[in-house]
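Asks: Sequence:
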Amino acid sequence: MAPHDITPGPEDTVHDILIVGGGTAGCVLANRLSADARLKVLMIEAGEDTPPGRVQPPILDSFAGLAYLNSRFLWNDLKASTDVGGSAPGAPPARLRKYEQARVLGGGSAINGQLANRGAPHDYDEWQALGASGWTWDTVLPYFRKLERDVDFDGPLHGQDGPIPISRIGEDLWPGHARAMARAFAQAGFDAVDDQNGAFVDGYFPVAISNLYDRRVSTAIGYLGYRVRARPNLTLKTDTHVTRLLMQGRRCIGVMAQGPDGVEKRHLAQEVILASGALHSPAHLLRAGIGPAEDLRRLGIEVVADRPGVGRRLMDHPSVAVASFIAPEARINGVTRRHLMLGLRFSSGMGDAPQGDMAASIASKSAWHDVGSQLATVNIWVNKTYSESGSVSLRDADWRSEPRVDFDLMSDRRDLDRMKAAYRRLAAIVLSDEMQGVVSDTFPASYSDKVRQVAALTLRNKVLTGLLARLLDGPAPLRRLLFRALIVEGDPIDVLMADDAALERFIRRAAVGVWHASCSCRMGAEDDPLAVTAPDGRVYGVDGLRVVDASIFPMIPSGNTNLPTIMVAERISDLILAARRA
Numbered sequence: 017m018a019p020h021d022i023t024p025g026p027e028d029t030v031h032d033i034l035i036v037g038g039g040t041a042g043c044v045l046a047n048r049l050s051a052d053a054r055l056k057v058l059m060i061e062a063g064e065d066t067p068p069g070r071v072q073p074p075i076l077d078s079f080a081g082l083a084y085l086n087s088r089f090l091w092n093d094l095k096a097s098t099d100v101g102g103s104a105p106g107a108p109p110a111r112l113r114k115y116e117q118a119r120v121l122g123g124g125s126a127i128n129g130q131l132a133n134r135g136a137p138h139d140y141d142e143w144q145a146l147g148a149s150g151w152t153w154d155t156v157l158p159y160f161r162k163l164e165r166d167v168d169f170d171g172p173l174h175g176q177d178g179p180i181p182i183s184r185i186g187e188d189l190w191p192g193h194a195r196a197m198a199r200a201f202a203q204a205g206f207d208a209v210d211d212q213n214g215a216f217v218d219g220y221f222p223v224a225i226s227n228l229y230d231r232r233v234s235t236a237i238g239y240l241g242y243r244v245r246a247r248p249n250l251t252l253k254t255d256t257h258v259t260r261l262l263m264q265g266r267r268c269i270g271v272m273a274q275g276p277d278g279v280e281k282r283h284l285a286q287e288v289i290l291a292s293g294a295l296h297s298p299a300h301l302l303r304a305g306i307g308p309a310e311d312l313r314r315l316g317i318e319v320v321a322d323r324p325g326v327g328r329r330l331m332d333h334p335s336v337a338v339a340s341f342i343a344p345e346a347r348i349n350g351v352t353r354r355h356l357m358l359g360l361r362f363s364s365g366m367g368d369a370p371q372g373d374m375a376a377s378i379a380s381k382s383a384w385h386d387v388g389s390q391l392a393t394v395n396i397w398v399n400k401t402y403s404e405s406g407s408v409s410l411r412d413a414d415w416r417s418e419p420r421v422d423f424d425l426m427s428d429r430r431d432l433d434r435m436k437a438a439y440r441r442l443a444a445i446v447l448s449d450e451m452q453g454v455v456s457d458t459f460p461a462s463y464s465d466k467v468r469q470v471a472a473l474t475l476r477n478k479v480l481t482g483l484l485a486r487l488l489d490g491p492a493p494l495r496r497l498l499f500r501a502l503i504v505e506g507d508p509i510d511v512l513m514a515d516d517a518a519l520e521r522f523i524r525r526a527a528v529g530v531w532h533a534s535c536s537c538r539m540g541a542e543d544d545p546l547a548v549t550a551p552d553g554r555v556y557g558v559d560g561l562r563v564v565d566a567s568i569f570p571m572i573p574s575g576n577t578n579l580p581t582i583m584v585a586e587r588i589s590d591l592i593l594a595a596r597r598a
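Going by our numbering, the sequence shown opens with residue 17, and the numbers climb by one from there.
Honestly, the hints are just simulated from the structure, not real lab data. Since we're looking at a predicted model, the values are computed, not measured. Honestly, I wouldn't trust all of these hints.
Distance condition first, Cα-Cα at most 20 Å in a straight line; then the derived EDC-like pairs of lysine to aspartate or glutamate [what the hints assert, rightly or not]: (1) 281 - 516; (2) 478 - 386; (3) 436 - 386; (4) 281 - 552; (5) 253 - 32; (6) 114 - 422; (7) 436 - 510; (8) 253 - 552; (9) 95 - 520; (10) 436 - 489; (11) 114 - 93; (12) 436 - 218; (13) 253 - 218; (14) 114 - 418; (15) 281 - 255; (16) 253 - 211; (17) 95 - 507; (18) 162 - 27; (19) 95 - 412; (20) 253 - 412; (21) 253 - 28; (22) 162 - 590; (23) 436 - 418; (24) 162 - 552; (25) 162 - 177; (26) 281 - 32; (27) 162 - 218; (28) 253 - 520; (29) 436 - 552; (30) 114 - 27; (31) 95 - 489.
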């Protein structure tokens, strides 16, 4: 059936539901909505397919560094500012860094670190308090259970039949470094927690991962298997770019999309769902004339709906790191490809911050190359961040142009102060007696442009890091010299531990996000001027258009965002199907 009074041409395709983006959320939506045989569903993804039996080895790899730094699977022209407080009056011009976002079927779930946790129950009660009616912990828990097949735990908090397996690597398979860090956490007074996705409590734990038999399971793998792909009412188009949303007045009636042959075609639908992520979904809306009216007019874009919240209040979890050289006998031993097996959740105790407002992930290998195998990293992040002044805006109206992205990390002083305290606390544990003989040459680490260059998957980097690794395993005086000359940037760790001003300078320079872009098209009440979507993802001010991805989070959860994104897609799929049955 053609949407309303639009008569399809001979080259047009016509569907009931059209999903823009085959990422984490898009694959879930494609599966769940096409399960209703009466609905004709089309999903369009800009990246390549990951078909069953032919998933690319870097994506399957338990060591995520071969996927999330692989230009084959990324939007390579996308850059963002992650400067701390970059929007403050008098702040220097924001620095742009590459911000890795997936361009492949499965999206972030195909390239991320595979960390599979849900956030805190109080996160979702906060969503409801912020105007996302119906999104309480009691309401979302069934969908967290629905998406997962936990192979280690059962009971009322866990699912056993979902498409995404959740597993953990037991301590018996950990390298010496991870085991020593666990002992150091215990010595520092932290409790051991068996199940990260059980009760939301502080402590150290084997991290939950979306992985089975040492292989990643993305939403493309878990939700789009042979039987789903064989449904006659489901069409998947990969290597295809949506160039614009088609608007008829205040109604979205479809999209224009350019296929791998370079030909642009019209695809009509009763309903269009944007599932392009927290950076590209708002860009699609803005180019269609949905967003802050003044900004749109400045770019010569006709205003369809004045929604000031589109692209506003972007969030991520800010992070800094402590790194060390690992003694050879404490390195990853080859039993697993995983580099990150141990995690920590803890409370700052500062102000009114809730329990578990800080977190750390412990990597016993920092990069794919030989030097990376010698370096351990404790990545510290603000688990419950208050900073929400980031933004996504257009540079121009051309669909080929990446949006302007400014995360404005730690613009709320509470985040910066808690990060400083957490850095001292975690660095002291790395420097403790428990870690002596396991790590040495501890230094403040940053994901700088130099680190990015060395992390690129090139033959040159493989050769150079191979030579450097041999030298680092040599005499300690030579290693210290090489660290100072080639690896350590800025003040050494002892200066940061003693000098508050130096520590703050380091955090301001080194903090980056952890690829949890969220909240740029928030759910909320219709009378909230900064709300973009209703609690079921419908875009306010227009018809026939929804957003379903991490951009609609009312507030970023206290944890990794992949499972919450899947959960949101699962729940809104049910809401869509229920509305169509009504």
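Asks: Evaluate each hint against the coordinates.
Replies: So, going through the hints one by one against the coordinates:
With a C-alpha separation of about 58 Å, the suggested pairing of residue 281 with residue 516 is violated against the 20 Å cut-off. Under the criterion of a C-alpha separation no larger than 20 Å, the hint pairing residue 478 with residue 386 is consistent with the structure, at around 8 Å. Straight-line distance between C-alpha atoms of residue 436 and residue 386 comes to about 31 Å, which puts the hinted pair past the 20 Å bound. Among the hinted pairs, residue 281 with residue 552 is inconsistent with the structure: their alpha-carbon atoms are about 29 Å apart, more than 20 Å.
Of the supplied pair hints, the one linking residue 253 and residue 32 holds, its CA atoms being roughly 16 Å apart against a limit of 20 Å. Proposed proximity of residue 114 and residue 422 is supported: the alpha carbons are some 12 Å apart, at most 20 Å. For a cut-off of 20 Å, the pair hint linking residue 436 to residue 510 stands: about 14 Å separates their Cα positions. Distance restraint check for residue 253 and residue 552: the Cα-Cα separation of roughly 25 Å exceeds the 20 Å cut-off, and the hinted pair is therefore not satisfied.
Restraint check for residue 95 and residue 520: the C-alpha separation of about 24 Å exceeds 20 Å, so the hint is violated. Among the hinted pairs, residue 436 with residue 489 is inconsistent with the structure: their alpha-carbon atoms are about 32 Å apart, more than 20 Å. Note on residue 114 and residue 93: the hinted pairing holds, with a Cα-Cα distance of about 8 Å set against a maximum of 20 Å. Annotation: proposed proximity of residue 436 to residue 218 holds, straight-line Cα distance about 19 Å (limit 20 Å).
A C-alpha spacing of about 44 Å is found between residue 253 and residue 218, which places the hinted pair above 20 Å, so the restraint is violated. Taken as a hint, the residue 114 and residue 418 pair is honoured in the structure, with Cα atoms around 12 Å apart against an allowance of 20 Å. Restraint check: the Cα-Cα separation between residue 281 and residue 255 comes to about 14 Å, which is no more than 20 Å; the hinted pair holds. Distance hint between residue 253 and residue 211 is unfulfilled; the C-alpha atoms sit about 39 Å from each other, more than 20 Å.
For the given pair, residue 95 sits about 27 Å from residue 507 by alpha-carbon distance, which is inconsistent with the 20 Å threshold. Taken as a hint, the residue 162 and residue 27 pair is broken in the structure, with Cα atoms around 39 Å apart against an allowance of 20 Å. For the hint pairing residue 95 with residue 412, the CA-to-CA distance comes to about 15 Å; that is within 20 Å, so the pair holds. Restraint check for residue 253 and residue 412: the C-alpha separation of about 27 Å exceeds 20 Å, so the hint is violated.
Distance check on the hinted pair: residue 253 and residue 28 sit about 14 Å apart at the alpha-carbon level, within 20 Å; holds. Our distance criterion of 20 Å between C-alpha atoms is met by residue 162 and residue 590, whose separation comes to about 12 Å. Between residue 436 and residue 418, the direct Cα distance comes to roughly 33 Å. Violation of the 20 Å bound is thereby established for this hinted pair. Between residue 162 and residue 552 the alpha-carbon distance is near 18 Å, which keeps this suggested pair within the 20 Å criterion.
Between residue 162 and residue 177 the alpha-carbon distance is near 7 Å, which keeps this suggested pair within the 20 Å criterion. A threshold of 20 Å between alpha carbons decides the hint, and for residue 281 with residue 32 the separation of about 17 Å falls inside it, so the pair holds. Only pairs whose Cα atoms come within 20 Å are accepted, and residue 162 paired with residue 218 is rejected, the gap being roughly 25 Å. With a CA separation close to 47 Å, the supplied pair residue 253 and residue 520 exceeds the 20 Å bound.
About 38 Å separates the Cα atoms of residue 436 and residue 552, which puts this hinted pair outside 20 Å; it is violated. The hinted pair formed by residue 114 and residue 27 fails the criterion: a straight-line CA distance of about 38 Å is larger than 20 Å. For the given pair, residue 95 sits about 36 Å from residue 489 by alpha-carbon distance, which is inconsistent with the 20 Å threshold.
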